[in-house]
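Its first residue numbered 1, the sequence shown is counted upward by one per residue in UniProt numbering.
In case anyone wonders, no lab produced these hints; they're calculated from the structure. Each hint should be verified, as a subset may be incorrect.
Said to hold, decoys possible - Only pairs whose alpha carbons sit at most 30 angstroms apart, straight line, appear in this in silico DSS-like list of lysine-lysine:
no.	residue 1	residue 2
1	55	138
2	66	138
3	66	55
4	66	100
5	138	100
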Amino acid sequence: MPLILFNKPFQVMSQFSAHPERETLADYIDIPNVYPAGRLDADSEGLLLLTDDGKLQHEISHPRRKQPKTYLAQVEGEASPDALARLRNPLDLGDFVTQKSEAKLIQEPAWLWPRNPPIRERKNQPTSWIALTISEGKNRQVRRMTAAVGLPTLRLIRIAIGPFSLATHPVLPGEWREVDALELEK
Numbered sequence: 001m002p003l004i005l006f007n008k009p010f011q012v013m014s015q016f017s018a019h020p021e022r023e024t025l026a027d028y029i030d031i032p033n034v035y036p037a038g039r040l041d042a043d044s045e046g047l048l049l050l051t052d053d054g055k056l057q058h059e060i061s062h063p064r065r066k067q068p069k070t071y072l073a074q075v076e077g078e079a080s081p082d083a084l085a086r087l088r089n090p091l092d093l094g095d096f097v098t099q100k101s102e103a104k105l106i107q108e109p110a111w112l113w114p115r116n117p118p119i120r121e122r123k124n125q126p127t128s129w130i131a132l133t134i135s136e137g138k139n140r141q142v143r144r145m146t147a148a149v150g151l152p153t154l155r156l157i158r159i160a161i162g163p164f165s166l167a168t169h170p171v172l173p174g175e176w177r178e179v180d181a182l183e184l185e186k
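Let the sequences and hints guide you as you build the complete structure.
The following block contains the structure:
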């Protein structure tokens with residue numbers, strides 16, 4: 001029962017079936033019968049876990065299991081203490097209210113790979129980096145949360161799911177490695 005940790009590049013679809021315009025997981029991972037435990041939008045990057053075990057997939061991705069997911073978001077504008085406080089508390093996004101989360105202002109990590117293609121920088125518009133940890137994962141939730149507090153997301157990278165992190169299990173974009181599923185129990 002493999003558990004695959006994959007660093008999904010920007011613009012890659014979180015599916016194995018062919019896509020008419022974009023690369024998919026099949027372009028990177030040639031292991032039979034594995035499938036993603038959760039998804040990342042094509043315009044998001046970072047950690048994706050894959051397995052061939054349905055029970056393990058459920059353990060990783062089901063909202064009731066509350067596996068925390070940590071994202072780095074490069075946002076347009078300066079993240080104020082008020083905006084960060086709003087991100088930490090339940091936030092009404094119209095169709096649902098988020099749960100409490102962890103949000104903090106960070107410096108761009110030195111280990112972070114450049115995005116390809118690069119983010120289009122606007123000279124007169126500052127950007128900030130936010131580390132945001134949530135335990136749910138609704139469609140485009142992090143992007144919607146940052147937009148709701150006036151900080152549109154320019155780049156979004158998931159760096160951790162539960163105990164699995166790109167910091168402790170480093171892989172470059174487009175690369176994968178097998179990890180021990182027993183780490184979920186720690």
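Now the hints, each set against the structure:
no.: 1; hint: 55 - 138; in the structure: 21 angstroms, holds
no.: 2; hint: 66 - 138; in the structure: 12 angstroms, holds
no.: 3; hint: 66 - 55; in the structure: 15 angstroms, holds
no.: 4; hint: 66 - 100; in the structure: 12 angstroms, holds
no.: 5; hint: 138 - 100; in the structure: 14 angstroms, holds
Of the numbered hints stated above, none is contradicted by the structure.
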